[in-house]
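Generate the whole structure from the sequences, applying the supplied hints.
There are 2 protein chains.
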Amino acid sequence: MPETVASSAWVDLPDSSCIKPLQWVGGLDGYIEMIDQTKLPNTLVYIDCRDPETVFAAIQRLSVRGAPAIGIAAAMGLVLGVRDFSGSDPAAFVARVDEVAEYLATSRPTAINLFWSLDRMKRCAASLSRESSPSVGDMKSGLLREAIAIRDEDARSCRAIGQFGASLIPEDGAVITHCNAGSLATAEYGTALAPMYAAHDAGKKFTVYVDETRPLLQGARLTAWELTRAGIDTVLICDNTAAHLFKQDRVQLVITGADRIAANGDAANKIGTYGLAVLAKAHNIPFHVAAPSSTFDFETLCGDDIPIEERHPDEIRRGFGTLTAPEDVACYCPAFDVTPASLIDGLITEQGIIAPVTSERIRQVLRF
Amino acid sequence: MPETVASSAWVDLPDSSCIKPLQWVGGLDGYIEMIDQTKLPNTLVYIDCRDPETVFAAIQRLSVRGAPAIGIAAAMGLVLGVRDFSGSDPAAFVARVDEVAEYLATSRPTAINLFWSLDRMKRCAASLSRESSPSVGDMKSGLLREAIAIRDEDARSCRAIGQFGASLIPEDGAVITHCNAGSLATAEYGTALAPMYAAHDAGKKFTVYVDETRPLLQGARLTAWELTRAGIDTVLICDNTAAHLFKQDRVQLVITGADRIAANGDAANKIGTYGLAVLAKAHNIPFHVAAPSSTFDFETLCGDDIPIEERHPDEIRRGFGTLTAPEDVACYCPAFDVTPASLIDGLITEQGIIAPVTSERIRQVLRF
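These protein sequence lines map, in sequence, to chains A and B.
Here my numbering = 1-based position in the first sequence + 938.
Here my numbering = 1-based position in the second sequence + 938.
Don't read these hints as lab results, they were simulated from the structure.
Hints should not be assumed to be uniformly reliable.
Which copy is meant is left open, so a pair is good if it fits within one copy or across any two.
Said to hold, decoys possible - Heads up, simulated EDC-like pairs for lysine to aspartate or glutamate below, C-alpha to C-alpha not over 20 Å straight-line:
| # | residue 1 | residue 2 |
| --- | --- | --- |
| 1 | K1185 | D1242 |
| 2 | K1185 | D1243 |
| 3 | K1185 | D989 |
| 4 | K1185 | E1247 |
| 5 | K1219 | D1266 |
| 6 | K977 | D1266 |
| 7 | K977 | E1265 |
| 8 | K1185 | D967 |
| 9 | K1185 | E1248 |
| 10 | K1060 | D1036 |
| 11 | K1143 | D1171 |
| 12 | K1219 | D1022 |
| 13 | K1219 | E1037 |
| 14 | K1142 | E1109 |
| 15 | K958 | E971 |
| 16 | K958 | D1139 |
Right under this line is the structure:
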């Protein structure tokens, strides 16, 4: 009964006003319904993915982006790639799973969740093959269950972040966020935006100032879109306007996401996050980072050890399809910066809020 | 001999690699040759203005912008509007001068230099009419001389700012600037960029990081263009990247311009300047403001009394001819912010560098 596999997995998640970037529709013969994020904010278009090639292409052209969302898409894409396997030999089926996983893993190089998620699917297939008298049909259903579990665990993790963080949101006040660490980057609900959705769902009134987030405008294109759609009072600003808002006492809180958090609590996130943290500190405004425990990298001792990707100058010079700078002017275009733990008042995780941000407290709360 | 009027006024200004946004070409029968700044950085197009209507339109559509440059354009535009006066009555000629000045003053509402410059031209006409047996022909030549004097005084003022500020530029180091307070905003050489031109002309090697300056990208479109054209090592950055550069010790100085400086030294400038000043202070990097004494407003006691213009949301939502945010999302789009004197290490004026920045020191240096 593959149909019940898919539908039962959804029941314990409460309804929310937030958008879901991708879902599995139907049973084992179903498909992935995915928002094409490259068309946002102008048009809400869904893509139906019925084979792994379509999923591969969607990940590659950023129709789905955000580390957790990419991991979910890959897991579901793997199911699409193995469900038509016509043999009955469990070992041959496991080999097919590995092959499709290998293929999907080459869709993007950086997001750690992509590899983590595909590894988990491969381990699941191997484990199912070791059960007594395994049938390939049951293994297919088991893999669909696992893919949906990956999605639902991420959704629950985001909910938990939301519940822990909601009390921080100032009633009748305002919060600033940077980039998109929202529903669109996860199963639903997001990380940095989760406390805002939770507070909104609980009836709290507040304003979210959204940094547009140059150069790729994830704040303007994605965060402003999903927050306004959810009915949350949203005001878009240029990145350079946050300090002026702080000075006028118009903001009481900053929450951003993170791409990687070192063992000591230093957090890498979208370029501009560090400056926002320094400005918040200078104005005595609490600065929090929201991320699931999977974002913590205990192999990396401190922020200095996190490599910073540099992007192509044209993201600045031609960011909007128009040349807005001298064609050949040099640009410095780092994708990320690192905010030291000393500037972070709390790390909002699905296990609770880590504050103060120290190596010891991180290990205590996350039980590492 | 109107030809000599025009050419003689240029002799004592040294050559520079910097661009001139507008010049008077020829004698009394000449014209204004003006860069159409709306076409930058893609195309360098000059507009020839031979009547006041063309000047009016050029100011209105921002082909010429920057308070000093607008004042110069208006003064020269006034000459274009009165040179064909066919009567011989000095009083009637003065009335015509007032009429054309009245017309040009309505081209833009804010820039104080526009009104200051036209008032000076009117006073000049009135004064010439009081000379013994004035001829209208001599009065016309006198007005052209005055317009060119306004331009040349601004150019000299910018040179002086450059000379005073050049020693601050770090040899083999880097400086950040925000918006465009360069040649294009003045007669030539600029205010914030003047110390960089002066240091470059003196053979110093350094890098200028240019904030692109959202939403209207004056940094990307104008500053990056004029600095690269002058052969100065230029690196364009998103506004949110300055803090990351400071953290890496890659910058030793910040210089910006100002739109108005209050009696206590608080300075209004393009949105983003205040945040840059806070970030500079947090990293112990000197922050200077360069402006001529005409930018000081002794009627305004402190920055809180400076009104902040709010711009249309579409400057953020559709800044590049493309919709990059939800169509109806609210935006907060102040054109300026105010940097308190306490964050400014020095005010670079044509009279010298004012440091520390206090009311007393300002009055001393500017002799008010």
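Each hint tested on the structure:
1. K1185 <-> D1242: Between copies only: 11 Å across, 30 Å inside.
2. K1185 <-> D1243: For K1185 and D1243, only the inter-copy Cα distance (15 Å) is at most 20 Å; the intra-copy one is 33 Å.
3. K1185 <-> D989: Neither, since 52 Å and 46 Å both go past 20 Å.
4. K1185 <-> E1247: between (32 Å within a copy, 17 Å between copies)
5. K1219 <-> D1266: This pair counts as neither: shortest intra-copy Cα distance 37 Å, inter-copy 32 Å.
6. K977 <-> D1266: between (29 Å within a copy, 17 Å between copies)
7. K977 <-> E1265: between (26 Å within a copy, 14 Å between copies)
8. K1185 <-> D967: neither (56 Å within a copy, 53 Å between copies)
9. K1185 <-> E1248: between (32 Å within a copy, 16 Å between copies)
10. K1060 <-> D1036: within (6 Å within a copy, 85 Å between copies)
11. K1143 <-> D1171: within (8 Å within a copy, 49 Å between copies)
12. K1219 <-> D1022: neither (56 Å within a copy, 63 Å between copies)
13. K1219 <-> E1037: The answer is neither: 49 Å in one copy and 55 Å across copies each exceed 20 Å.
14. K1142 <-> E1109: within (6 Å within a copy, 54 Å between copies)
15. K958 <-> E971: Cα proximity of K958 and E971: one copy only (10 Å, versus 57 Å across).
16. K958 <-> D1139: Within one copy only: 16 Å inside, 58 Å across.
This entry does not satisfy hints 3, 5, 8, 12, 13, going by the numbered hints stated previously.
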